[in-house]
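Asker: Here the sequence shown is numbered in the working numbering, starting from 1 and rising by one per residue.
A portion of the hints provided could be inaccurate.
[What the hints assert, rightly or not] Result set (PhoX-like, lysine-lysine): computed pairs, CA atoms no more than 25 Å apart in a straight line:
#1 53 <-> 75
#2 75 <-> 27
#3 27 <-> 53
#4 27 <-> 82
#5 53 <-> 82
[To be verified] Per label pair, the in silico range of CB-to-CB distance:
#6 55 <-> 86: 15 to 23 Å
#7 55 <-> 16: 32 to 40 Å
#8 1 <-> 78: 28 to 36 Å
Hints in this document: simulated from the structure, not taken from any laboratory.
Glycine is no exception: its CB is placed at the ideal position from the N, C-alpha and C atoms.
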Amino acid sequence: MIEFSVVIYSQPNQQGALLDALLPLVKSSREEVGAVMYDLHASEEGVFVITEKWQSQDALDAHEATEHFVGFQEKAGELVEKVLRLPLVSV
């Protein structure tokens, strides 16, 4: 199992546009083979968190090659200030 979170900081005044770009990504990603969890969290300050869980690295690799993921990456360039990927820490 592959599990991590992605923290996405929007550019100033781009929270609405970023949310509009994220929603179809989340919907399509949840329907993928190998997707166990793909949840979106948001704050009023323009910080978004996607919590992802995939059955395997192959499923994650396939996700990152999909049209909806690549399309989001292209749109995100002008909407996103910073992205952090946080792997799950095993304790």
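Asker: For every hint, state whether the structure bears it out.
Answerer: To see whether the hints hold, each was checked on the structure:
Pair hint residue 53 plus residue 75 holds up; C-alpha atoms about 23 Å apart against a cutoff of 25 Å. Restraint check for residue 75 and residue 27: satisfied, since their Cα atoms lie roughly 16 Å apart, inside the 25 Å limit. A hinted pair counts as satisfied when its Cα atoms are at most 25 Å apart, and residue 27 with residue 53 qualifies at roughly 15 Å. Note on residue 27 and residue 82: the hinted pairing holds, with a Cα-Cα distance of about 22 Å set against a maximum of 25 Å.
Proximity of residue 53 to residue 82 is assessed by CA-CA distance (about 22 Å); at most 25 Å being required, the pair is judged to hold. At roughly 20 Å, the beta carbons of residue 55 and residue 86 sit within the given window of 15 to 23 Å. A beta carbon spacing of about 33 Å between residue 55 and residue 16 agrees with the range 32 to 40 Å that was offered as a hint. Evaluation of the 28 to 36 Å hint for residue 1 and residue 78 yields a pass: the beta carbon distance comes to about 34 Å.
In the structure shown, no violation is registered for any of the earlier numbered hints.
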